[in-house]
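**Student:** Take a look at the letters that make up each chain.
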Amino acid sequence: MSDVTVHIDKVMQELRRGTITIGVLSQLSEPQYGYSLVSKLNDKGIQVEAGTLYPLLRRLEKQGLLMSEWDTNEARPRKYYLLSDLGKQVFQQLCDEWNGIVSSLDGLLKGEGGKKNGSD
Amino acid sequence: MEVIERYVYAVTQRLPEKQREDIAIELRGLIEDMVEERSNHESSKMEVVKEVLIELGNPKELAQRYRGVNNYLIGPELFDSYLTVLKIVLFSLLGAMGIVFIIQSVVYPVGILDHFIDFIVSIVSAGPSAFGWVTFVFMMVEYSNKDKAQDSKVEKQWEPSELPPVPDPKLDIKRREPIISIVFYVFAMVLFLFSSNYFGVFVFNEEEPIRVIPFLNENEISTYLPFILVILGLSIAMEVLKIIFGKWNLKLVVFTFFIHLITIIGIIILITQTSFWNPNFMMELTEAGIVTKGSDGYQVINQIWTHSTNWIIVILIIGLVIDVVSGFVKSKKG
Numbered sequence: 001m002s003d004v005t006v007h008i009d010k011v012m013q014e015l016r017r018g019t020i021t022i023g024v025l026s027q028l029s030e031p032q033y034g035y036s037l038v039s040k041l042n043d044k045g046i047q048v049e050a051g052t053l054y055p056l057l058r059r060l061e062k063q064g065l066l067m068s069e070w071d072t073n074e075a076r077p078r079k080y081y082l083l084s085d086l087g088k089q090v091f092q093q094l095c096d097e098w099n100g101i102v103s104s105l106d107g108l109l110k111g112e113g114g115k116k117n118g119s120d
Numbered sequence: 001m002e003v004i005e006r007y008v009y010a011v012t013q014r015l016p017e018k019q020r021e022d023i024a025i026e027l028r029g030l031i032e033d034m035v036e037e038r039s040n041h042e043s044s045k046m047e048v049v050k051e052v053l054i055e056l057g058n059p060k061e062l063a064q065r066y067r068g069v070n071n072y073l074i075g076p077e078l079f080d081s082y083l084t085v086l087k088i089v090l091f092s093l094l095g096a097m098g099i100v101f102i103i104q105s106v107v108y109p110v111g112i113l114d115h116f117i118d119f120i121v122s123i124v125s126a127g128p129s130a131f132g133w134v135t136f137v138f139m140m141v142e143y144s145n146k147d148k149a150q151d152s153k154v155e156k157q158w159e160p161s162e163l164p165p166v167p168d169p170k171l172d173i174k175r176r177e178p179i180i181s182i183v184f185y186v187f188a189m190v191l192f193l194f195s196s197n198y199f200g201v202f203v204f205n206e207e208e209p210i211r212v213i214p215f216l217n218e219n220e221i222s223t224y225l226p227f228i229l230v231i232l233g234l235s236i237a238m239e240v241l242k243i244i245f246g247k248w249n250l251k252l253v254v255f256t257f258f259i260h261l262i263t264i265i266g267i268i269i270l271i272t273q274t275s276f277w278n279p280n281f282m283m284e285l286t287e288a289g290i291v292t293k294g295s296d297g298y299q300v301i302n303q304i305w306t307h308s309t310n311w312i313i314v315i316l317i318i319g320l321v322i323d324v325v326s327g328f329v330k331s332k333k334g
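Heads up: the protein sequence lines correspond to chains A and B, in order.
Its first residue numbered 1, the first sequence is counted upward by one per residue in the UniProt record's numbering.
Its first residue numbered 1, the second sequence is counted upward by one per residue in the UniProt record's numbering.
Keep in mind the hints are simulated off the structure, nothing from the lab.
A few of these clues could be false.
Output of the computed footprint for chain B on chain A, the stretches with three or more beta carbons under 8 Å from beta carbons of chain B [said to hold, decoys possible]:
no.	stretch
1	47 to 55
2	75 to 87
Derived pair list, reagent style DSS-like, types lysine-lysine, alpha-carbon separation capped at 30 Å [to be verified]:
no.	chain 1	residue 1	chain 2	residue 2
3	B	K50	A	K10
4	B	K18	A	K88
5	B	K174	A	K44
6	B	K60	A	K10
7	A	K40	B	K60
8	A	K40	B	K50
9	B	K60	A	K62
10	A	K44	B	K50
On a predicted model such as this, the values are computed, not experimentally measured, just so you know.
From the three backbone atoms N, C-alpha and C, an ideal C-beta is built for every residue, glycine too.
Chain B on its own, in the form it takes in the complex:
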């Protein structure tokens, strides 16, 4: 009877391939036994089969019982943090894109319809990938936890003296810190992805429409984009780990240090490329009438502009040193 085959298939296709055939034969036999036992002249065979299948229950649940362990992509322990991070990322993505849309509409109001279409398109394209990446990070954490859980089963003797000390409340990571960071990184991502040309000096002039002199080289930015996104993605992953752990421990300190180090090296490589910056920045400033060539103001801005790379590097390295020191202090306490 076809419905029996369907039921058997619905159960076995959820099981590992090696067990499928064996379980299928057994299950078929069971259903036939049950049907035979219950058959009487009052009800048709079809009805009896239906009754038996309902008694055996939802094929999903039966397959689950055959598998024994629950297979989670993201288990109940992580699920709350997962939802939190997902909400933060998606809402800040939406917020950042909304801001981009508003800025574009203010700068160039005639194209508001185009900006709106861009807004919708970028939500449709970036939303699912943000969702995917967040899920991926959590999946990896879940996966590594699973290995640990199996290791702990192998541990033979449990030693009370080996219990880790109760962590100092000072080591709590306040939830809002990683949340703010994630919002910041998402905004930065949106900035680079969709509107790097609005990252610059805004020139307001009564007669002309608003003009933006970008800091970055618009023609080359797409070459650097994957690189930038990886750096920002790593930073977001790090903040996610902070939310999941909720406390500083040596492992987290070491881990965040390495991610910091990698991102800083990445940023330094990035900003020391001359093609990264807008090569005509000073010229465009002069054109826009903000500075006049040869004036003191021109000299100062030119100085700042040409040395900004070095300054950013200095700031980043100071940041890294602070990170190392505070990380060391934290791990000492923990």
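If we strip away everything but chain A, and leave its shape as in the complex, we get:
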């Protein structure tokens, strides 16, 4: 593995760690169980492993951003997670923050990118 990929991997890991929470919150205005959420996020291009997501869901629930309920009617019992009122508020504000970051960074990258590769 070259130095470049090592560095990129590191930064990407940190970036993902921060964005996954927003991604998760965004999908939970409807109840979802863990694995359906993994598939959904992966389908939309957010790479997340079940081993990361399941503990994250529990942490968010503990923090009061999510509510959960067991559904025992199906063949196997599943724990469904849903945004709490607090979670909804937090998600709204996080969206604003995220848009702020995107536009600021866009501004930076366009200034810089203009010199380096004109195509973008």
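Go by the hints and put chain B onto chain A.
**Tutor:** What follows is chain B alone, placed relative to chain A:
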């Protein structure tokens, strides 16, 4: 399938009891979902399960993610100091016991095999307990740091004016000072534990084997041993704190002062017990032919011997006063 149960168990047994059942059900469901999705006719169910479990990762790591925070016995901040102290203590223990072995072999060469067995036995018995105690001291420091870290989260407002001043380099504790002290205390421990009978006057005589007239009362020393070990242990703990802090501050000064005070009171109580000292010391000296009863030399040594307790007390108290004054000066600067 049994391997799934094993995996679920391996994860949940590392978690707090209250969460175990809930997480177990969820995890089982997840694995079954993943297996079902990936099942095809080409590979057996066993292979698919294996693949899924590998993807979920090492149960230790998964449990770690569920727990969230790292639980350290001794965290990375302290780990370097811990290794340093551990090395010092273990090596000086080994060194001290080696010296005891050599002295024993010189004094009584015929029993060299017995001395060697003693040497090995004492390493096996004292090594692990030294290791344990050092670890225990560091564990307590780590534990008290953890509380502080949680307190600081509660602090609402951070005030730049409340920043502590950058400490004076004069307040640095030179690492070699506590290291030398620890080596000294470990040697003292070994002396009392394994060879208090060699703590005394060595009588060399050409015709006879070397004879040692001990200062301490060999029959009673075992009664005092726990007491002595606590005093020395406290002193070592204090030196360990100096290594960890690396700088003098008011807290450390106060703390070391109290430990000094406790150890000095302990030592005074110890040495004023008449049964602590060898009651036949003067008699044995005369027997060994070092002094003759009634001579001037006998008088002088007798004087020194009977008053040595008082002198030691005076020296200790002077030491304590110096400690208080220098501690006060240091805390003023810091």
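**Student:** Please go over all the hints and tell whether each is borne out by the structure.
**Tutor:** Structure-based check of each hint:
1. 47 to 55: holds (count 6)
2. 75 to 87: holds (count 4)
3. B:K50 x A:K10: 28 Å, holds
4. B:K18 x A:K88: 28 Å, holds
5. B:K174 x A:K44: 59 Å, violated
6. B:K60 x A:K10: 22 Å, holds
7. A:K40 x B:K60: Distance of about 27 Å is within 30 Å: holds.
8. A:K40 x B:K50: 24 Å, holds
9. B:K60 x A:K62: Given that 30 Å is the threshold and the Cα spacing comes to 21 Å, the pair holds.
10. A:K44 x B:K50: 27 Å, holds
Of the numbered hints stated above, the single one contradicted by the structure is hint 5.
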